[in-house]
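First to last, the sequence lines map onto chains A and B.
Per our numbering, residue 1 is the first one in the first sequence, and the count goes up by one each step.
Per our numbering, residue 1001 is the first one in the second sequence, and the count goes up by one each step.
One thing to keep in mind: the hints can contain errors.
Said to hold, decoys possible - With a straight-line Cα cutoff of 25 Å, these simulated PhoX-like cross-link-like pairs (lysine-lysine) come out:
#: 1; chain 1: A; residue 1: Lys44; chain 2: B; residue 2: Lys1276
#: 2; chain 1: A; residue 1: Lys47; chain 2: B; residue 2: Lys1379
#: 3; chain 1: B; residue 1: Lys1397; chain 2: B; residue 2: Lys1354
#: 4; chain 1: B; residue 1: Lys1451; chain 2: B; residue 2: Lys1119
#: 5; chain 1: B; residue 1: Lys1397; chain 2: B; residue 2: Lys1048
#: 6; chain 1: B; residue 1: Lys1407; chain 2: A; residue 2: Lys85
#: 7; chain 1: B; residue 1: Lys1048; chain 2: A; residue 2: Lys17
#: 8; chain 1: B; residue 1: Lys1397; chain 2: A; residue 2: Lys85
#: 9; chain 1: B; residue 1: Lys1379; chain 2: A; residue 2: Lys5
#: 10; chain 1: A; residue 1: Lys17; chain 2: B; residue 2: Lys1443
#: 11; chain 1: A; residue 1: Lys2; chain 2: B; residue 2: Lys1378
#: 12; chain 1: B; residue 1: Lys1354; chain 2: B; residue 2: Lys1429
#: 13; chain 1: A; residue 1: Lys85; chain 2: B; residue 2: Lys1356
#: 14; chain 1: A; residue 1: Lys85; chain 2: B; residue 2: Lys1429
#: 15; chain 1: B; residue 1: Lys1194; chain 2: B; residue 2: Lys1004
Unchecked claim - Where chain A lies over chain B, by a calculated footprint (3+ residues, C-beta under 8 Å):
#: 16; segment: 1267-1277
#: 17; segment: 1282-1293
#: 18; segment: 1385-1398
I should point out that these hints are in silico values taken from the structure, not numbers from a laboratory.
Glycine is no exception: its CB is placed at the ideal position from the N, C-alpha and C atoms.
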Amino acid sequence: MKKIKLIDIAHGRSGDKGDAANIGIIAYDENGYKIIEKYLTAEKVKKHFEGICFGNVERYELPNIRALNFVLHKTLGGGGTVSLKLDAQGKTLAAALLRMELEIE
Amino acid sequence: MKEKIRIASGQGFWGDLITAPYDQVFGGKIDYLIMDYLAEVTMSILQKQKNKNPELGYARDIPELMKTILPECKKRNIKIITNGGGVNPIACAKAVIEIAKNLSIENLKVAVVIGDDIKDRIDEIISEGCYLNNMETDEPITIIKDRILSANVYFGAFPIVEALQQNADIVITGRTTDTGLTLAPMIYEFGWGKNDYDLLAAGTVAGHILECGAQASGGNFLGNWKSIPNLAEIGFPIAEAFPNGEIIITKHENTGGKVSFETVTEQLLYEIGNPKNYITPDCVADFTSIKLEDLGNDRVRVYDVKGFPETEFYKVSCSYSDGYSASATLTYSWPEALTKAKAADEILRKRLEKLKLQFDEIRTEYIGYNACHGPLAKKLNEEDINEIVLRVAVRSKDYYSVERFGKEIAPLILTGPPSVTGFAGGRPKPSEVVAYWPALIPKNLVDYQIKIFEV
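Bound-form chain A, shown alone (with noise of 0.2 Å):
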């Protein structure tokens, strides 16, 4: 086992669909999608999101793009303009997911 950096494999862009957040995380190259593909599940990126996220995580796989989309329900504090949250529209949540750790083999 070792631990490797989200953020030194993938890169990403995060935006809002109500009070759903969505997140989608691009691997930098073919070895990295298979480390994502493998170890970045909906189960671990809920748990990352604790306290911010209080819905479901779907999660999506795109490899002709090297790409996961993880969509976040009940993220934005009630989303557009309802929310009361500075980043309403979860645009820095893609930089939060790429704070996470992941343990590989």
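Given chain A, put chain B in place with the hints provided.
Okay, now just chain B, sitting in the frame of chain A:
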């Protein structure tokens, strides 16, 4: 048929770089200039403007912009497509016609797509048995009917195609999908049919890449952002479209920014849900089918996109009034900046509680510490914190409570912890909370019409 067309993105939202459309027109060869002005919140703002003045309700940047680009666009036959008509596309078209007259431009045809605004048709639509149930909660629209500020159907590319077929130089729409603006010229130029789902999906993907302006060409890039050259003169993206559905994303030469596999991929993932099921009024695009090839020199090829038949519904977006909110900030400096900010928050909350005000939510954030990443923020040693901005926001159905909050935060300067500053601009005023009601409507309950204005 043309071998290829070049479609330039000139605006990613209302408030984007004002010079971008001008630079797209004058920076090199393009055939179409598309401009997306509408976010959900924009529609309600425009509706309020129209309520005050029936001549308003569209993106007022458009007439001003036309003064600078219209003669050149007419000369080079560059067609302009925009959804900046907002809730009053006809007034927008008339304003553009006036500009054209002042510039002595002749033979200009401005087409307007209308029919998306269903605010005054809600009762009629309900009587047809369509309750416009909220897509998230499944509640019928009747529960917020009296508070509706705007209600618009998202049209796709085909109304714009019809306008182009009538030889329009400029097409102004109300609520049209961002992707439809880019897809429409491809359908028109290449004669794509309503059942050419793969081609429609390819144009839709190109539209998704272009719809946020420079977010596809190096702006807001989270990869190696420092590697993006000359952001000060960033070039907005251009889609070169071919009749077989191949797209090359690029930008004008001698502009800043970058078009690469990485910058395009980030934009592809922006604000999407299930990538296999990207629904528009024109088709359902499968984003997992997309292939990208970085050709170098700011050129990325997009190919092999798969699409499926459109659904039987249009999406509807209603905005409605849902109470009031306000926010305010105070800045605390070293020493113990965070501790002071937390103490100030506690004092404020005690005072609000004592006043028995009603809030749906009171939210406190410490900018410089955890406002963006909440519990994920790195714990900081108090000694290392130079300053903290305390931000408190409240929301309530009760106007008085929100107004009173504004009167309670300012006094913290003289009645709370020390070394506090940055309270300018007076008491925060309550602003109306505009909430959204996403719904679906059967396509047969809505009709679009094209109106032509000429000079």
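Quick check: which numbered hints come out false for this structure?
No numbers; nothing is violated.
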